[in-house]
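2 protein chains.
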Amino acid sequence: MSQGVSKGQATRQAILGRALDIASVVGLDGVTIGRLAEELQLSKSGLFAHFGSKEALQVDVIGEASRQFVDAVVAPGLREARGEPRVRALIARWLDWEQRPGGCFFASATDELDDRPGPARDALAKAIRDWLDTLAHAARIAVDERHFRADLDVHQFAFEIWGILMADHMYGRFLKDPAHLDRTHVAVEELLARSRHRLRR
Amino acid sequence: MSQGVSKGQATRQAILGRALDIASVVGLDGVTIGRLAEELQLSKSGLFAHFGSKEALQVDVIGEASRQFVDAVVAPGLREARGEPRVRALIARWLDWEQRPGGCFFASATDELDDRPGPARDALAKAIRDWLDTLAHAARIAVDERHFRADLDVHQFAFEIWGILMADHMYGRFLKDPAHLDRTHVAVEELLARSRHRLRR
Numbered sequence: 001m002s003q004g005v006s007k008g009q010a011t012r013q014a015i016l017g018r019a020l021d022i023a024s025v026v027g028l029d030g031v032t033i034g035r036l037a038e039e040l041q042l043s044k045s046g047l048f049a050h051f052g053s054k055e056a057l058q059v060d061v062i063g064e065a066s067r068q069f070v071d072a073v074v075a076p077g078l079r080e081a082r083g084e085p086r087v088r089a090l091i092a093r094w095l096d097w098e099q100r101p102g103g104c105f106f107a108s109a110t111d112e113l114d115d116r117p118g119p120a121r122d123a124l125a126k127a128i129r130d131w132l133d134t135l136a137h138a139a140r141i142a143v144d145e146r147h148f149r150a151d152l153d154v155h156q157f158a159f160e161i162w163g164i165l166m167a168d169h170m171y172g173r174f175l176k177d178p179a180h181l182d183r184t185h186v187a188v189e190e191l192l193a194r195s196r197h198r199l200r201r
Numbered sequence: 001m002s003q004g005v006s007k008g009q010a011t012r013q014a015i016l017g018r019a020l021d022i023a024s025v026v027g028l029d030g031v032t033i034g035r036l037a038e039e040l041q042l043s044k045s046g047l048f049a050h051f052g053s054k055e056a057l058q059v060d061v062i063g064e065a066s067r068q069f070v071d072a073v074v075a076p077g078l079r080e081a082r083g084e085p086r087v088r089a090l091i092a093r094w095l096d097w098e099q100r101p102g103g104c105f106f107a108s109a110t111d112e113l114d115d116r117p118g119p120a121r122d123a124l125a126k127a128i129r130d131w132l133d134t135l136a137h138a139a140r141i142a143v144d145e146r147h148f149r150a151d152l153d154v155h156q157f158a159f160e161i162w163g164i165l166m167a168d169h170m171y172g173r174f175l176k177d178p179a180h181l182d183r184t185h186v187a188v189e190e191l192l193a194r195s196r197h198r199l200r201r
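Line by line, the protein sequences are chains Z and A. Counting from 1, position 29 in the first sequence corresponds to residue 29 in our numbering; the numbering is continuous, with no gaps. Counting from 1, position 55 in the second sequence corresponds to residue 55 in our numbering; the numbering is continuous, with no gaps.
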């Protein structure tokens with residue numbers, strides 16, 4: 001019985017992993033039970049039994065994206081030393097995540113779900129807020145460690161990091177600008193520098 | 001005859017205006033000849049005669065967005081005094097544009113067309129490059145006027161402005177964060193300040 005459950009869970013995980021790959025490239029709306037059934041050579045009725053509806057499937061895909069994001073970005077980042085090293089590690093891991101096929105799933109999905117209230121939008125908003133809070137909290141620790149200046153607005157810091165990554169997303173993914181990573185590194189270093197020191201006016 | 005042409009053009013303009021409104025809210029893919037025919041109470045065959053195909057229609061919608069963007073953002077910005085006043089005016093007008101229903105059409109459309117080579121993607125990339133060049137050129141003039149520091153990388157400036165506006169887009173449109181405009185203004189003022197002065201290290 002317990003083996004059955006774990007096999008069922010492994011199957012579910014594999015299906016969601018494939019669904020996330022599709023969603024990262026063609027968008028969440030490209031993930032339909034019909035398409036998944038075809039790609040995985042599973043029956044549509046079996047997939048319906050796993051996920052119930054397209055919207056429930058979308059919520060599960062967002063959950064899978066969050067799980068992978070925590071594994072690939074958050075957890076390794078939090079293993080780094082408190083303060084600026086941890087902030088740098090979180091940003092570097094996020095940049096790696098952004099270079100995956102399709103770019104950052106979360107960034108792309110926001111535009112898709114913008115005007116569609118419902119559980120999928122709520123799940124995505126929660127995942128993004130968690131990530132922005134993680135960045136702000138890491139910056140707060142860097143203030144405590146006196147790596148960053150005492151009056152730094154750590155939520156403003158997270159806002160600006162988000163912006164830099166979205167510029168990287170557009171220059172890299174859409175404009176195919178070969179300089180996008182250089183521009184991103186310059187912007188990140190500049191943000192870190194002014195998180196340590198004030199401007200000379 | 002010339003009256004006929006101008007009536008045809010006026011009709012065409014009205015159709016594209018409505019198509020852009022739809023695209024801004026539901027995305028370019030939501031703009032189909034069938035939907036437009038229904039909303040405008042025109043015949044599908046008449047619309048096909050005007051636009052030919054869905055992809056040709058998308059290219060025309062992007063053209064209409066560019067025309068409106070130039071009217072609303074670029075032209076008024078370029079009427080301001082050379083240097084920082086012009087840079088500020090361009091950014092302020094862009095922020096106004098971003099607050100329209102659906103947010104900035106260009107920003108949303110990039111994710112939709114990311115992985116779809118073709119004339120619509122090309123038209124959108126050209127429109128975005130034009131705008132980034134306009135920003136960089138305005139910053140270059142601000143350097144010449146000695147409003148900005150001589151060693152400013154004006155393309156980096158445009159990259160970072162794009163990022164700030166995308167953070168505004170996500171915080172405002174998706175997270176519905178009431179502080180999004182305050183955060184955006186802080187980030188813009190900080191970018192302008194460090195375009196004038198170097199960091200104290």
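Among the hints, a few may not be true.
You can't tell identical chains apart in this list, so a pair holds if it fits in one copy or across any two.
[Claimed, not checked] With a cut-off of at most 27 Å between alpha-carbon atoms, the simulated DSSO-like pairs for lysine-lysine come out as follows:
id : residue 1 : residue 2
1  : K7        : K126
2  : K126      : K54
3  : K176      : K54
4  : K126      : K176
These are calculated hints, taken from the structure and not from any lab test. Please read all numbers here as calculations on a predicted model, not as lab measurements.
We went through each hint and held it up to the structure:
no. : hint        : result
1   : K7 - K126   : neither (29 Å within a copy, 50 Å between copies)
2   : K126 - K54  : within (20 Å within a copy, 36 Å between copies)
3   : K176 - K54  : between (32 Å within a copy, 25 Å between copies)
4   : K126 - K176 : between (30 Å within a copy, 12 Å between copies)
When each numbered hint is compared with the structure, a violation occurs for hint 1 only.
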